[in-house]
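Q: Residues per chain are reported as follows:
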Amino acid sequence: MRWLNELRRRMHFSMHTARYDQDLAEEMRLHLELRAAEKEADGLPAAAARAAAQRQFGNTTRLHEQGRDARGWPVLDALQQDLRYGFRSLKASPAFALTAVLSLALGIGANTAIFSIVNAVMLRTLPVEDPRALVEIKQGEMAELTNPIWEQIRDRQHAFSGTLAYSEARFDLADGGESQFAQGMWVSGDFFRVLGVPAFRGRVFNKYDDRRGVPALAVISYVFWQRRYAGDPAVMGKILRLNRRPFEIVGVTPPWFTGLNVDRGFDVAIPIACEPLLHPDRSALDSHSNWWLNVLGRLRPEESFAQAAARMNLLAPDVNRATLPPDWNPQDQAEYLKNLFALSPAARGFSETGSQYRGALFLLMAIAALVLLIACANVANLLLARAAARQREIAVRMAIGASRARIVRQLLTESLLLSLLGTGGGFLLALAGSRFLIHLLSTTANPLDIDLSPDLRVFAFTLAAAVLTALLFGLAPAFLATRVELERALKENARAATPGASRFDSNKALIVGQVALSLMLLVGSGLFLGTLRNLLTIDPGFQRQNVLVIDADFQQASVPKSQRVRVYGETIERLRALPGVVSASSSAIVPISGRGWNGVVQAEGFNATSFMDGLAFFNRISPGYFKTMRTPLLVGREFDAHDDSVSRKVAIINESAARHFFGSVNAIGKTIRLERPRDERGAPDLYEVIGVVKDAKYFSIEEKPTRTIYLSSAQDDDPPPNIAYEVRSSNSVERLIPSIQAAIAAVNRDASLEFRNFETQVSDSLLRPRIVAILSAAFGLLALLLAMIGLYGVTNYAVVRRKREIGIRLALGEQRSSVVWLMLRGVARLLLIGILCGVAASLAAGRLVTGLLYGIQPNDPLQVGAAVFILALAAGLAAYLPARRAARLDPMAALREE
Amino acid sequence: MTDQTKRDEIPPGTLYMLILKSLGRHGRLHGFEMANWIQQLSDDVLQVEEGSLYPALQRMLVKGWVTAEWGLTAGNRRARYYRLTADGRKQLRTEMAQYRRVSDAIQKILQAV
Chain A
1 MRWLNELRRR MHFSMHTARY DQDLAEEMRL HLELRAAEKE ADGLPAAAAR
51 AAAQRQFGNT TRLHEQGRDA RGWPVLDALQ QDLRYGFRSL KASPAFALTA
101 VLSLALGIGA NTAIFSIVNA VMLRTLPVED PRALVEIKQG EMAELTNPIW
151 EQIRDRQHAF SGTLAYSEAR FDLADGGESQ FAQGMWVSGD FFRVLGVPAF
201 RGRVFNKYDD RRGVPALAVI SYVFWQRRYA GDPAVMGKIL RLNRRPFEIV
251 GVTPPWFTGL NVDRGFDVAI PIACEPLLHP DRSALDSHSN WWLNVLGRLR
301 PEESFAQAAA RMNLLAPDVN RATLPPDWNP QDQAEYLKNL FALSPAARGF
351 SETGSQYRGA LFLLMAIAAL VLLIACANVA NLLLARAAAR QREIAVRMAI
401 GASRARIVRQ LLTESLLLSL LGTGGGFLLA LAGSRFLIHL LSTTANPLDI
451 DLSPDLRVFA FTLAAAVLTA LLFGLAPAFL ATRVELERAL KENARAATPG
501 ASRFDSNKAL IVGQVALSLM LLVGSGLFLG TLRNLLTIDP GFQRQNVLVI
551 DADFQQASVP KSQRVRVYGE TIERLRALPG VVSASSSAIV PISGRGWNGV
601 VQAEGFNATS FMDGLAFFNR ISPGYFKTMR TPLLVGREFD AHDDSVSRKV
651 AIINESAARH FFGSVNAIGK TIRLERPRDE RGAPDLYEVI GVVKDAKYFS
701 IEEKPTRTIY LSSAQDDDPP PNIAYEVRSS NSVERLIPSI QAAIAAVNRD
751 ASLEFRNFET QVSDSLLRPR IVAILSAAFG LLALLLAMIG LYGVTNYAVV
801 RRKREIGIRL ALGEQRSSVV WLMLRGVARL LLIGILCGVA ASLAAGRLVT
851 GLLYGIQPND PLQVGAAVFI LALAAGLAAY LPARRAARLD PMAALREE
Chain B
899 MTDQTKRDEI PPGTLYMLIL KSLGRHGRLH GFEMANWIQQ LSDDVLQVEE
949 GSLYPALQRM LVKGWVTAEW GLTAGNRRAR YYRLTADGRK QLRTEMAQYR
999 RVSDAIQKIL QAV
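Protein chains in written order, with the numbering used here: chain A, 1 to 898; chain B, 899 to 1011.
Looking at chain B on its own, in the form it has when it is part of the complex:
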């Protein structure tokens, strides 16, 4: 419980973007790797309820942003690997552009004070 308090919940709606980004960077990941990647890159600041990755991934499969296939991990375990589709790449670009617009705007407001 203690380690949860010093972490921040990820802003709602950004989970997709984070997943897309992780896949954009690495090409092919399974869920556990994605969770680790997000945590490490955010210096453990961003906290994902790790399990929520999976419903999100299901939704992304339906939307056709990612595809899944079974493969083997380094430790020789069966794992389900995800990959971006062309639609997924497009989605990543739009989400990032949108995010930048919003965060720039917020920053401007904060600086104006």
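So here's chain A without its partners, still in its complex pose:
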């Protein structure tokens, strides 16, 4: 505690430094006067008395300084001195300072921007009570659980101090027509209590809201409350219509709580027990095979992860027996009974961005780190050149007694100053850059609202980057600069007093490193750009342009199941009749939407060797689907109006399925049997193949060909309440929206509609490769620019150093072109070594990114060659400019200057 008091006193003194200086001066003056008066009383003349007093007292100025230093902060004062000196010397060479600060700002900015995203989606814990005690309860690998399993866990929870379940959903706020979605959550009654989230207004849910048949209640988020209700305090008791059902608002959550998904906040939470209200005909509450809930537990204070897992697994057999899906086949049921629970940490919440972009984010961090490294090399180079220019100054300071350590400290302070300035700029860049990046990543289907406000971790990261870079680029030049031979440096004409060879060696090493790293980044950006090009130009089996997709939900439109096929068909007829519509169709699944449906099939004459071998993906489509999507039919025919519920069941398969199941594209007339777990009527579900179409992408553009079987929507005995329409138009599809809305309303006024441009949907699915390509290209260019600056600087320095030699050569009649070559020769060798190193490094590092490439090999000779060409061209240009200037020197002027 003593040092703390001393610190407090020091602070006090340094805040009132003027007053204490005055006090000190006054008491010293008094002392001198009293002593002089005493001497005068002893008989000395006044002037002699004063002199004697002063002699006895000592040097007033020095003592006053010592007194002031006693109160001060010796280390800080020296630092202040160094900083002031550093500022002055940077101001003296603004071009150098600007280049250095800018390089660093870009390097540090890139790193901090990526890091703040990594921090937000992968590192930061949820803003709830003791987030580290939260664990996710999974069944084996399955993160989602059924409601019956959740109820078992909830009612038998001995393992945790609390458990909660939740599921994300979108709720439609519009009363029919075009949908307007709110981000929603289904939550268990204890959700808010277990997380430790109190009500900001009104109340949150409690365990009584977990009872079946609970009234329709909603808790809204602070953001939603502000946005929709302008923070109206009288919002409690108001009715909010979600998917057209009335929900009574009972509470608002605090501003800091944004849900468990860090990718986006939530607008409204409603109890899981209300689920049947929104899905009256297929409630998930008692379904044993609808996996939709994420379940979290809070560890008891004294319990470890392993203990909780062990306790949970004691329960597993009972839970499994109680929740066994009755309609499964015995094999699967036996497997189900073996299920065990697995726990995983949930302190950081959930983020698809975090998992989906994990590899990409790490790659970008690595790239950004390389860019920073190049920037450091650049600044180090500049500092080395500068040290050469300052060697006389440094020699003078050392000659008059400055220690080497003191000068190294001074030079390092300058480096730190540079890096702090760079960091400041970089931090501002990062604030904007990370937001811009998230803006790029955000799509209509996946809107991102990630909290990127910098926290302590981001600050610490940035600061660490600043200090590290300062050491990285400052240490070596500082030591080299102080290794001077005094007499030589002080002599008028000695140009290279620092042991020239060693400084130039480190200079050369830096250039080689820069070239190598830049080449790596260029090769990388070439590969990622190539990947993006491949993905954009590949034939996906459909034509994405000019197609509008309409997701229509008839759930609340009370269309009875028996009428659905008719309503869906009639809607298509009306859509086809619209002016500007080329063709229209419907499907259960729209390609590249992230939704899918698969199952095991038995094909005629095909014996599946494994589960995966018999697997195929399905879609259920209307006539005209292939025409609308422009998927070419290879053999046979499309569905038509004659394929209906009474006619023979038919299927169209794609090329891959035909080859896989039947060994040839021509599979017309073959039979496919589907497994039908839901229906135990006994009759086999048989389909005759009537057509084979070209392969089309199903989930993603990157995927390998997917075996796909298309069934007819007219032959669906259990049509779902929602369907997707595809409309192809002759030009801009968005202009059709009003007339499409009217056409569907004419069939059914109550359908909820969501419009999407198919092209946008496809290109959004390529967001990751696009972002990686754009950013790696940007970083690659940045690296190239930095390397050019480095080469320019080095050549320029060589020109300045050898001015006299050049002057003599020119005076003796040497050709200007040979002078250019003289200057370029050294650089060319460095460039060559750098390129060789860079190619080797690229080949070695290429294996690490194969997962992010498509249709291109990391050692693609064309890509590597192109990168080498671009780099050599840019570097040659950067070195040529100062070399040409050397050749244009006036020999007389160059010689006279020496």
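None of these hints come from the bench; they were simulated from the model. All residues carry an ideal CB built from backbone N, CA and C; glycine is no exception. Hints are supplied without guarantee of correctness; some may be wrong.
Covered stretches of chain B (in silico footprint by chain A; criterion: 3 or more residues with CB under 8 Å from a CB of chain A, positions within the stretch not fixed) [unchecked claim]:
| no. | segment |
| --- | --- |
| 1 | 917-931 |
| 2 | 995-1006 |
Facing chain B, a subset of chain A residues (Cβ under 8 Å, in silico) [as the list claims (entries may be wrong)]:
| no. | residue |
| --- | --- |
| 3 | ARG9 |
| 4 | ARG10 |
| 5 | MET15 |
| 6 | ASP23 |
| 7 | LEU24 |
| 8 | GLU27 |
| 9 | LEU30 |
| 10 | LEU34 |
| 11 | PHE57 |
| 12 | GLN66 |
| 13 | GLY359 |
| 14 | PHE362 |
Using the hints provided, position chain B relative to the given structure of chain A.
A: For chain B alone, kept in the frame of chain A given last:
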């Protein structure tokens, strides 16, 4: 100059102890009084470069051994008076104990010859 030669420099590091002692004895002194007290009690043997009292006092203020306040001298002049704090008293005790140990030890060695 002549009067300086017959005086001895005070041993380094003992200045604090002397200041603390003077304040311990008198309770409240200003710098000039301290300088006089040290000189008189040592029969003018110990020589302080009088001014060096003041940086020392600043350091002692920072360490919290003494406090300072402005007051008036007998001659009605404004002077800065110092006083020991509890920490200062403790420091005086430890410095004196340490000094005694060292000087006893030195004495033993000298007597052994």
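Q: Please list, smallest to largest, the hint numbers that this structure does not respect.
A: 2, 5, 13, 14
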